[in-house]
Structures are given as C-alpha cells and as structure tokens.
Amino acid sequence: MKRRTFLTALPGAALAAPALRKAAAQPAPTRTETLLLVQEYGPNSLDMQGLGSSQPVNGVSLNCYDRLVRFKRKALPDGTMSFDINGLEPELAESWQIASDGMSCTFKLREDARFHSKRPVTAKDVKWSLDRAVSIGGFATTQMAAGSMEKPEQFVAVDDKTFRLDFARRDKLTMPDMAVTIPFIFDSETAIANSGGDPWAKDYLKNNVAGGGAFKVEAWRPGTETIYVRNDDWKNGPMPTLRRVIARDIPSPSTRRALIERGDADISYGLPPKDFDDLAKGGKINVVGVPIPNAIWYVALNSANPPFNNVKLRQAVAWAVPYEKIMQAALFGRGKPMWGGSLPVTSIAWPQPFPYETNIDKAKALMAESGVAPFSTTLLFDAGSGTIAEPMAVLVKESLAQIGITVEISKIPGANFRGELNKKTAPMVINRFGGWLDWPDYFFFWNYHGRNSIFNVASYQNPGMDKLIDAARFAETPADYAASVKGFLEYGMQEVPMIPICQPLHDVAMQKNIGGYQFWPCREPDFRFLTKA
Amino acid sequence: MKGLAAPLRHARFVVTENPVTGFALALFILFIVAAVFGPSLAPHDPLASNTAQALQPPSGQYWFGTDQLGRDIFSRALVAARLDIGIAAASVALVFAMGGFAGLASGFFGGWTDALVGRLSDTIMAFPLFVLAMAIVAALGNTVPNIVLATAIINFPLYVRVARAETTTRRDAGFVDAARVAGHRDMGVLLGQVMPNIMPLMVVQMSLTMGYAILNAAGLSFIGLGVRPPTPEWGIMVAEGASFIVSGEWWVALFPGATLMVAVFCFNLLGDGLRDIVDPRRRT
Amino acid sequence: MAGLLLRLAGSLPALAAVIVVTFVLTRVLPGDAATYFAGPTASAESIAQIKAMLGLDRPLPEQFWNYIVALFHGNLGMSLTTGQPVLTDLAARLPASAELTLCGLFVAIGIAVPLGIAAAVRQGKMVDHVCRVLVTAGVSLPVFFTGLLLVYVFYFRLSWLPAPLGRLDAFASPPPTVTGFFLIDAAIAGEWETWRSAAAQLILPAATLGLFALAPIARITRASMLAVLGAEFIRTARASGLSGVTVIITYALRNALLPVITTLGMVFSFLLGANVLVEKVFAWPGIGSYAVEALIASDGAPVQGFVLTMAILYVLLNLTIDMVNRALDPRARRGS
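Residue numbers (this note's numbering), protein chains in the order written: chain D, 1 to 533; chain G, 534 to 817; chain A, 818 to 1153.
Simulated from the structure, these hints should not be mistaken for lab results.
C-beta: ideal position from N, C-alpha, C; glycine also.
Please note that a few of the clues may not be correct.
Label-pair restraints from in silico Cβ distances [said to hold, decoys possible]:
id, chain 1, residue 1, chain 2, residue 2, range
1, A, N892, D, K235, 40 to 48 Å
2, G, G643, A, T1067, 23 to 31 Å
3, A, R1143, D, E408, 19 to 27 Å
4, G, N730, D, P374, 51 to 59 Å
5, D, T377, G, R718, 54 to 62 Å
6, D, A373, G, G555, 29 to 37 Å
7, A, T1067, G, L724, 14 to 22 Å
8, A, A1004, D, P29, 25 to 33 Å
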C-alpha cells in the first residue's frame, strides 16, 4: 500500500517543482491581474481544428494562437466593442496585398513574431497550419470550405516571411474566413516533433498548445478549470494587462449568477435571460448584450411533408405565434423582435422583422382557407437550450390550440437533436441558428437552400429561391446583390418555412471594474483586451 | 372476519401509541384525495399560462405563487400528485410482482432457481442504482412507462431479498408440509400457502419503497429525463424553479419541493408504522 | 483466506454481467455520439470519419470484443466530452467523490449514532419519536432540492460559507497530490490555507449528503442497541450497580457496533452512487457528475468506465465488510 502511494506521489511532485521555480523568478500575478471567469463547461480539447471540439475551444484558439489577420474592431452604438466583418487588421501578418487579377492574396509576416517555443514564425508554419485545416476533416474543413479554401495547393510559402493564398474562386467570404478561429497558426516544428508519427499531430495538439498567442495554458483540468497565463513575449498586438485567467466550469446557472452577484467571479457567461435581465436592472453588475450577428430563434415547419407543405397553414401558424408573450416570459426581453415588419422589403439588413404579429382571427381565417382540418403534431427542441426553448414551446402549444392544432412537445437530449434534424421528418422544431460570417446569403444558403443542409430544418425546397441565393453569393455589383437579397427575403417572408421570433443577444455579465470587453463571431471571451481595475 | 379483528385492534393500538403514524396516515389520505380529485379541486387551470402574472409571490389568489409562465403553482402541485404517486405506485406494483415472485420461487425451490435469481439481484446491486435508472430511461426513451420500469428494476433486489428470506423460513413449516401431504403441487403450495403468509411484510416493503420511488422519479426529471412539458410533475417543477431561487423567486421551487418532500416523508413514516402493525418484533 | 478468494471469484459473474449490460445499454442510447461531436456543420463524411475513429461502424459483437480486449489492457476508452482517456478522468475524479462521500458519512455518523443510542435508551419516549421523524425527514429530502436550498441560505443570503466553486476557492491551488484527498494532502504539505479552503467547500455538499445517510445509520444503531440492551449481560451489569452511562457506552455500544459497521459499508457504497445529483448541484468534479454529463451526451465510454468502477468498488467493499465481520465476530468465523 505504501509503495503505491509513493508511486502516485511522484508525478505530482514532478509537476509541482517547475511551477514553484517559475513563481520564484517573477512576482506572482496579483488578484487585479488575475481574472476569474465562470462558464457552464470548458474546452474538451486545446485544438479547435480537431474533430469534435466544443464551443469553448474557440477561446483557446483566440487567446493562445494567432491568425494572420483579425476582424477590425468597431464600437457599437452603446460603446461595446464588436467587429466589422468587412474590415481586417494585422495579427501575425503585418501587411497583405490582393493580386491585380483578384485571384490571390500575399501576406507579409511580422519579423519579430515568435512562438511560445521562441522559434520565429515562418510562412512554412502558416502553410502547415492551413493545410491541416483543410485536410483534417470535420468542422474545420467545412468552415474553410465555406470561404472557398478547399485544397493544400491554395497555400504557398513563398519565402520565410511571405505567404500566398490562392483563391479557388472569387468569393467575398474567403478573406473574412481567414479571421475566424479555425485558420490559426501552429508552431509546426514543435507539433511535428511531438506528433508520434501522425502527420497532423492530433493527439499532441489536443492536449498541448503549440502556438504563439498572447496566452499560454498553464493548467487544463477538463471539466474543472482551465488556467491561462500571459505570454510576456507576445508581439502581435498591445500587451494584455491580465496576467492570469482562471476559467472555472460551473454547470449550475444559479451558481454562476450567485458568484457574479456576490462579487466572487469577475465574468459570468451563459446565464438564463432572466438572470441577465435582473442583473442589468439591478445596476450593480455590467451586462453587455450584443445582438448576435446572423442569428435568430425560430419555429421551423416541415415544408416537405403534409400538413405543413401548405403555405396558408404555415402563414396561419405565423399569425398565431404569441411573439410578445414569448419575448416577455421566455426571453425576458433579451433579444430583438423579429415580428411586425412589412412587405415589400426595403432594406437588405439581416436579420429583419417578418410581416407577422399575433392575430388569432387572421390565423383562424388562414387556417380555414388552407382547407386543413384540425390535427395533432409534434414540436421538437433541444433539451440543452431548454431554458429558453421550453417556455417558448409551451406558449406556442397553448396558442396553436386556439386554431385547432394540438401540439405535443418533445424535448430531445442534446446528443440526439442533430440526429433528429438529420432525419428531416420533424414537423415542427424550435431552434436557434447563428452564422459566423454575417451575410444574408450565407444565412439563407444554410437555412433555405435546396441542397437541404441540416440547418434547413424545414426541408424547404424552392428552385426560384435557390437561384436568388446563388446569384447573391457570387454577385458582381452591389445593385445585383441587393436585388437578389430582397428577392429571397420576400420569398422567405411569404412562404414562412421558418418563423423568426427574435434575434438573440449574446449576454455577458461582469463586475464594474472589468473593462475592454470584445465581442467576436465565435462569442468566446478575448482575454487580450479585457482589463481589471 | 374474525381474522381481521386482532390486527385492527393492534392497528388502533399502534396509532394511538405512536402519534407519528396517525399523522402520517392523515397525510396519506390527503395525498390520495389530491391524486384522485386533484384536477377538479385545482383553483386554476394548471396548464394555462398568463404572462402578465408571471412569477407572482404567494397570495390569496395564488396560494403558492405563479411560475415563469404565470401558471398557478398550487394547482400544478396538486394535479401533479396523481402522476407522481401514480408513477411510484405503478413501479412499486411492478417490482412487487416481479421481485416478489422471483424471491418466492427462489426461497421455495432453492437450487438453480435460487442461484439464478441471486445472480440477477447481485448484478443489479453492483450497479450504481441512480445511474442505472438514468441509463435505462435514456436508452429506452423518457416516457412514463420507462420511468416506471427503471424505478422497478432498481428496487428489484430489495423485494427479492425480503420475499426470499420470508419464504425460506416458512418452507419447512408445518402448514406447508400439511399442504404437500394433502397432495397439492409445488406451485399450488407456493401460491396458495406460502404467498399469503409473506404478504404482510411485502406490503410494508411497498410502502417503504414508495417514497424512494417518488424521489427517484423526481431525480430523473430533475436531470431532464422526466415526463414531457408542460405536464406538471414535482421533480420538473423543482428543476424549473431551481434557477429562480437565487434571483429571489423562491416559491417556484420551494412549494413543489416541499410537497414532494412531505409526500415521501408520509410514505416513509407510514411504512414504519405498517411494519409495527404487521410485525411488532421487527420494530427498529 | 481461501474463503475470501472464493467470495471474490463468486462476484465475478456479477461483474461480467455488469460489463455486458452496460455495454448494451450504452449502445442502445438513442443519441448518435458521432453526429453530436462532429459539430453542427458536419458533412456525412466527417460523421463517418468520427464513427470509424470511435469504432462505431463495426458490427456490435466486434465492438464488444474490442471493448473487452481493451479492458484487459486497462484501457477504458476515450471520453468525447472531456477529450481525455476515461481512466485518467476517473483516476483524477474518484478522490473528489470519495472525499465528499466520506465526509458526508462522517457527518451522518456524528449525528445518527448518538441519535440512535438515545432513541434506543428512551424507547417509545419523545426522543424516540423525534429521532424517527428527523431521520425519516432526512431520507425524504430530494438531495438536489436540499443542496440548492442550502446554497441559497448559507452562501447567498447569510454568506457564512464560500461560493460553491468545486473543491477549492478559485484562487487557491490544489496541494501536491499524494492521496488525492485535498484535506489529507494539504495537511501533509502543511498548506493550512488550502486546507481551510477545501474544508469550507466540503461543508455544504457533505451536509446535503449526510442528511440522506442519517436514516439507515440511526435505524440500525437503534435496533442493535435495543437488542443488546435487552441482553442478559447488560441486565447483570446494571444489577451489579454500574452507572447507566457506563453500561451504555462501555458494554452495550461496543457490542452493538458490529451491525452498525456492516451497515456503514453499505451506506458508503450507496452514497457514492447517490451523490450524482449532489455533485451536479455543487459543481463537484467527481465521478458522478462526470457520468451524468456523459450519459446526457450519449458518450458511452465514460458511462461504462464509471459503472465498472462502481461495481468493482461495490465488490471490494462487500469483501472488506466480510473481513471486518469475521475479525469482530467470533460466531461468523466459526460459521464458515
């Protein structure tokens, strides 16, 4: 027995010793230099390109790795920092130039950029990292393809500090796609040296950061906490003021609220809307709510199968949804209404309100016109988003009963939800979609296009709409683009395969002494800009 | 009739001797009334939302306050009694039949029957029981029959043990031998002679596990493996209310939680009391 | 010794059955782990890729064979939720669960044993009834509800106890690992600040769990005390003029302890499985919350690993109880 405890003691001691030495060399970060963040769950990997990485892994990519470019930061009307999807600024690249034929872009890397291993960053590392993103499969490869980056041949290391990206086609999404959290740059030599023969070092990179970002991972205890420390040699942006970040995984939202309200945590992510609403009204805590670009909560109606293949019936449902009630009781006002708009469409802004509101008489009239007899159906939602979707579903059920539709609610555990959507048979679904790349044609391509992606929850098929979406994606002039967008928006509003309810806010609660909040498409916190007074 | 008089006298003695059991009995009757007549007694429609009245504290109109959608919590808690007690009763009845018979056969026949039933019990006991129930419900789908089945399965070893122990002590009793001599077959003896004799203790066991069954079903609901919304159920109501405790709307979770607790409490006390009646020697 | 080995061998069929049942249950979980972890925009190919990586594209018997082979090599598979080998996860989390469960058990013993004794000594009196109501109330409380209530009252309202952040305050770092029990490790390292932090974090979850364990311990203490108090030698001791307290503590309690210890083992094993919900409420990084999360995500390997660990613990615990029984009770030794 003694022998066993001695053996298990060894690794612990070995780990502790270097940490002690490091601490002695430099004053330990003080509490004002340390940020305590609480979130529902943490990363399940340190490699955002890897298969099956969870949402918080985006944060590791953001803080521990650099990309060639990042989105230009832009203040929203309320002063919150967000981003401009059409503007880029330097991160690892100090400059870039699009070729005169518009078919490639040449990046110049910073001379002084170094990885955590102290190796200088070279174009070879950039090529390896992007090759990896398009070859590794899964989400990374899909996201790269969304920006028309499909093959390793598109990535060329011209010399040590020059890198060229060859475009597969003219696609307005290619350059913005370089700034998301997938095409980040690995220290390829370190990765390969530790790969154990795997060409993409998947196991090693899953458990280790081999990059050059502003933070390093000091400790990662999956399911418990992730501790980040500042990389004091970072050169690719202003030096972060935080020296240490502790991200604790606290599954209970009540606890996360209590922690922020009592001042025990600095930042709290992912609270129910009710809590954000209370905290915002309470005034002691800063609540920053950014309308999530290209995202809506919606009710989808299966347009491929009876009974919802009947347009009048879908419109009847759209008039029967209790929008105000949902906004009040399910979202506590934390969203932008997507009802009460008008036709014809005058703006190409997206998301924009649809021309419906709650009007049971109109709904009843349309129901009668549709010729569909009263029927029973099933409404699905993901149990994981039950805090919002469940009250929504209950209210929809109650309201539809008034026009003769009996709804049975089915709460699908997160693991089955995508499987259910893939079956394409669910008659009604409550869901939320959000696209990283903020263009209406991107949204409609995923949600309405006839190629019937998993996000086309309504299985909507309309060749006329497909033509307009494709035309908008590759439109040459702004006028052509606007005409196509208006066209498919009008289709969407008249045919209503999905009934938008609201554009959700991405809410974060933080103490008053926390500043520098930055919102990115990936929605994870950026420790590089956050400050603590 | 004459057979009933003595136990009844004994029961009256126990209730007067032990006021706690009397109290539990009164509570039990209250819950049965709620389960049977709940829907017609409820002052409000337990399903009707009223967002203008959402999250109202307890008042003369809403005795237990209202929830996130403005539904009356008192009505919901009242109506839920039927479902919760129903699930528990169904699962206890099921395990009574399965476990009781298995234990009876195992104690009576011994040999390979005993070995088989014993192994089955051992296997179930080796599982962490709540996680086993979760896995069964997750695998088969979260419907009421599956919740009942899962709850029954995890109680199986308990019933087997009680039934087996009781049977073993009676297997060689005089009345069994007498029945055998009179030419009854094994099955006949088992069901006709042995079973009625172990019945009282099994009933006590049922009352004791009712509480545990209610807790188990509520626990499953709490982690999202319960009945479908918007059906009122105590566990789900506590889970829904849990997020409102910290923000000060304590009544949303407290009242369903307290109702649940009192129900379990009542069944447990009653089980204790019943044991006193059936078998005074075992009073522990 | 031979008897013990025989008993150990006797529990093997149950263990084998547990392995088979768990395997089947996790395979019929309706969720498709591959689709879940392939991410929202996954194409059919990337889902197939993950399936192949997980070996889920093989026929079921082959999957089972591979699982058994891996098991014999001490490999419990990978958790998709944490991205770590299940064995590593379980090893890291088991001490957290064990520490919490033991503390809960100590809380329960501290209350239930004296309560049980008092109830036995004053059988049928007020104390007896209070004891009965109290322990029944304890076992009637849904743990998830008690946990939330305690957090609300003692942390949020009264601020007597620290935030329920898991095993340690956010700014404390874990002591060097020796046993994995923070209280012991911190004491060994002499880090009393850490010790205090760990102890403070333990109070609420241990109390929640302890309440649940009151009933079986108090009941068995009472019953076994009653049996002993009625025995010949106690009457003799009383008759020979020894004081009540002396008789109860030195004679009766010592003899009544054996069934209590046997029950403690069972209660420990029961609690270790029952603290699933407590861990969830208190963000406790134990194996119970680990299994629940995995089950919800249809992540089979951690569930299998957890159930197997618990089954082995159960068998070992039973064996230990047996050994203790034999050591303490001469009759059991003769009986075998």
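Hints, verified against the model:
The hint said 40 to 48 Å for the Cβ distance between N892 (chain A) and K235 (chain D), and at roughly 43 Å that hint holds. Between G643 (chain G) and T1067 (chain A) the C-beta distance comes to about 43 Å, which lies outside the given range of 23 to 31 Å. In this structure the supplied range 19 to 27 Å is violated for R1143 (chain A) paired with E408 (chain D), their Cβ-Cβ distance being about 58 Å. Roughly 57 Å separates the CB atoms of N730 (chain G) and P374 (chain D), a value that falls within the hinted 51 to 59 Å.
Separated by about 55 Å at the C-beta atoms, T377 (chain D) and R718 (chain G) satisfy the suggested range of 54 to 62 Å. Checking the proposed 29 to 37 Å range against A373 (chain D) and G555 (chain G) shows it is violated: the Cβ atoms sit about 56 Å from each other. The hinted window of 14 to 22 Å between T1067 (chain A) and L724 (chain G) is violated, with their beta carbons roughly 51 Å apart. In this structure, A1004 (chain A) and P29 (chain D) meet the distance hint of 25 to 33 Å, their C-beta atoms being roughly 27 Å apart.
Violated hints, listed in ascending order, are 2, 3, 6, 7; each of the other numbered hints is respected by the structure.
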